[in-house]
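Peer 1: Based on the hints, put chain B in the right spot on chain A.
Chains as they are written, first to last, in this note's numbering: chain A, 20 to 558; chain B, 20 to 558.
Simulated from the structure, these hints should not be mistaken for laboratory data. We treat Cβ as the ideally placed atom computed from N, Cα and C, and that holds for glycine.
SDA-like mimics (lysine to any residue), calculated; alpha carbons at most 20 Å apart, straight line:
1. 483(A) / 479(B)
2. 309(B) / 92(A)
3. 478(A) / 193(A)
Over 10 Å on every C-beta distance to chain A, these chain B residues come out as not near it, computed from the model:
4. 357
5. 536
6. 554
2 protein chains.
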Amino acid sequence: MHPQFEPSALQQAQKLAKGIAASPGAAAGRVVFTSDDAVEWAKRGERVILVRRMTSPDDIEGMNAAKGILTSEGGRTSHAAVVARSMGKTCVVGCRDIVIDYERKQFTVNGMVVREGDYISIDGTNGVVYLGDIPVVPSEIIRVITGEMKPEESELYRYYAEFMSWVDERRKLGVQANADKPEEAKLARLLGAEGIGLARTEHMFFAPERLPHFQRLILADDPKEREEAIAKILPFQREDFYGLLKEMDGLPVIIRLLDPPLHEFLPHTQEQARELAEKLGKPFEEVWAKSLRLHEHNPMLGHRGCRLGITFPEIYRMQVRAIMEAACQLKKEGYNPKPKIEIPLVGHANELLLTRKDAEEVAEQVIAEQGIRVDYLIGTMIEIPRACVTADQIAKFADFFSFGTNDLTQTTFGFSRDDVEGKFMAHYLEEIPGKEGTPILKASPFEVLDREGVGELMKICVQKARSVKPDLEIGICGEHGGEPTSVWFCHEIGLNYVSCSAFRVPVARLAAAQAAVREQKEAERKAARRRKVLVEVRD
Amino acid sequence: MHPQFEPSALQQAQKLAKGIAASPGAAAGRVVFTSDDAVEWAKRGERVILVRRMTSPDDIEGMNAAKGILTSEGGRTSHAAVVARSMGKTCVVGCRDIVIDYERKQFTVNGMVVREGDYISIDGTNGVVYLGDIPVVPSEIIRVITGEMKPEESELYRYYAEFMSWVDERRKLGVQANADKPEEAKLARLLGAEGIGLARTEHMFFAPERLPHFQRLILADDPKEREEAIAKILPFQREDFYGLLKEMDGLPVIIRLLDPPLHEFLPHTQEQARELAEKLGKPFEEVWAKSLRLHEHNPMLGHRGCRLGITFPEIYRMQVRAIMEAACQLKKEGYNPKPKIEIPLVGHANELLLTRKDAEEVAEQVIAEQGIRVDYLIGTMIEIPRACVTADQIAKFADFFSFGTNDLTQTTFGFSRDDVEGKFMAHYLEEIPGKEGTPILKASPFEVLDREGVGELMKICVQKARSVKPDLEIGICGEHGGEPTSVWFCHEIGLNYVSCSAFRVPVARLAAAQAAVREQKEAERKAARRRKVLVEVRD
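Excised from the complex, chain A in its bound form (with noise of 0.2 Å):
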């Protein structure tokens, strides 16, 4: 499915380094060490390769316009992979032999120096880093489904085709796509997926027209300071969503109103700080105590999700408006919008009652104003232990549930996945001999789902939710979405769909439907043993 580099190409080329293969793929470009630069020399044209650290929110402009991404820490679920595999992104993390001197702009593997500029290749398939600019071929897959290449000119794709029809008859999962542009969102289409499972909607904050809106929302000091500020992004996200709702004509999707931590969006340097408080006209010192009592500990556990939403509910009312406007306005077009409307990180049934509350009030007020009835539902994501233990009385207040098992894995390991991952994951997954013990992990949560813990932790979620809401609706939107034992996994507990990054549609497609058939396998050992077990009763 993925590109790959010309083979005649790779057998020259000179390999520089290994890491660790977080989103499949080949990419070649010239070096750059910021995402400003990233920005800047892929609209002259260039393709580039965004070398970093590792990556944060807001780099997600940069690493949008990268052929690819290398990063010298992290791991598989570390910020740079998971962004990165959510927009089928060519990206390869962890890379440690590689050192990045960000003011000189180079880097040095082995002894050898690789400056700004340079081509490098990285294949996301198999962790290699080679030096130059190796030639990158499509799959014949995508070529043909993106209408680059006809059908009967690919007898690949006749296969892929004809296989993943047999596929679909089996499965009895919905199968989604974690997808936050209108351009994911009509791959994943063409992949197969059903509805949009999760579009994050922080992302859409970082483009540079639209952040300091949103910082000086954050900065603002009275609520009609804020309440400008809001007027300014709610055109913004109504763009973003129709764009979204317009692309799955028909199909639902889940919208997950703001999560990330709020310091997030503020600057982390005195340098940063004064140049904000230029823009924003405001003292410098204002910006910088603000972006420090922001600051915090453990952001991962922080002030984040439904936390800000409450604390600050005009965000939220927002972007419901921006949701429903962009629906209304669709429905008048003549198409079918289904839109859901996720509240994320809710461990509390008051808290989902709260911000539902608000939700619905914003969402009628539409309605109301634009004289047109669209039907929407409001439901929130599992990611808190706090949740599955009391899903019976959060259920009472949700349209549907999704796990997101990324923080859910987090948060019921007690595992900081931007840390543990370079800190001590490989040591977790290692054999001893003749130690007892080890490898203690057999494989890393946050790759495939941790059945014991996690996944009992869902079955207890999943159980108690329908003891109150039989037909409540329940997916998944966490990267275990697209692995295969995963997608078994909530097949066997009951789930509805499961949803993962368009790049993995067909796999989930095809998890689902193995899932489907190792259950009639079993249930028809089971009928041949009950036979058999009564043939020799009667015997």
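Peer 2: Leaving out everything else, chain B in the frame of chain A:
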């Protein structure tokens, strides 16, 4: 139980501000702004109040030297508050009206400036901060218990003693104390503690004469250097454990092996790194690079607890050796030490199996070397949701469980206690008229155990663990062990004991008796109902 301000002096005192009452008692002294100053001033006989924005583990010595602690940030479960309570030290936190200027060594409050060396007085019972040096009088009960006053001189003490003897007759739950030092343990015993439910070993590493050896251990390049550092630390630890076990002669003492993230022990600024590099005779670049590499995004969910013990097995081996050497020594001297070795942060049975085998090996080695047998137990703290849902597997390798409900509350809710209290907890506890779902929480789950979420996981844990080991001893050592309604819950789910800071031991004893009485009354009510039904049926 706690010291108070002399009532007559209090009437004339000038009130400066009000913060959050974090650890009861009254304290007066001269203002200092650094832990080093606190230690130094105390050495020359000054009473000091340590004033900080917030405290961190390297403030332990300063907190210990101070009469009281005042912080401008943080809540009732911030580092300052939790440590102060465990030390029985007066503490006011989150006093947001005071603005600290570390450089000028002063703070301002409502336009007034208080400088280093000025006297202030703080009341940890109501959070009030006064200007000046208000005389403090100790509680009569404590004066009798510590031998400063005779029982016959204090009517209050005699009431207390008689009342507590009734209490102890009624209760079924054991009551132990969290104490790290012999003097804390002594007080705990005098207040009725039947053992130490939690002795943290990390505080022991921050003493100025010990820290450099530990830092050398962390920064060591080769096993030899590491061994040398270990050899330097071992005698200190042995001495610590000797004192603790001797003070608690004949009673069980749970010693938790090293828990916090390593980077807490390393420099946070280049200047500190330069100093440390000089002290250790290592290049600055190396020390700084390693400190940066050990930095974590979410230290609460990072490389800590048994994850450290597994990646650096020599640390836990040294600690186990120190415990067992101390215990053997005491046994030879005719004492009866009862050490219980506790592995923190276990989330997977293999973590415990691996560290247990290692600990057993070292313990048996020491017993063989010393030629004397000391019985010891090896157990684990339950503070990760995954440990609760896989408790049947973990119990196989544990001689005891102890619920670490502070961390379990953090991971179950996905709340970082260092962050949420200052950021949104107040909002969550607020009732908004007309808003359904408010207050979101009736009490802070860090103060009152959250029965529905954390408690549900505890129940699952107890049930699963005792399904494989019916007699497994299970206790609790989180702050909740000293909060009455939480103690009731511990009784209800069948725990064996609660453990809390020394000063809360009498409260816990009382709450345990209440729980037993409540249970008995409930049983009587049921029996009466049954009798009534029987009579009705008969008639």
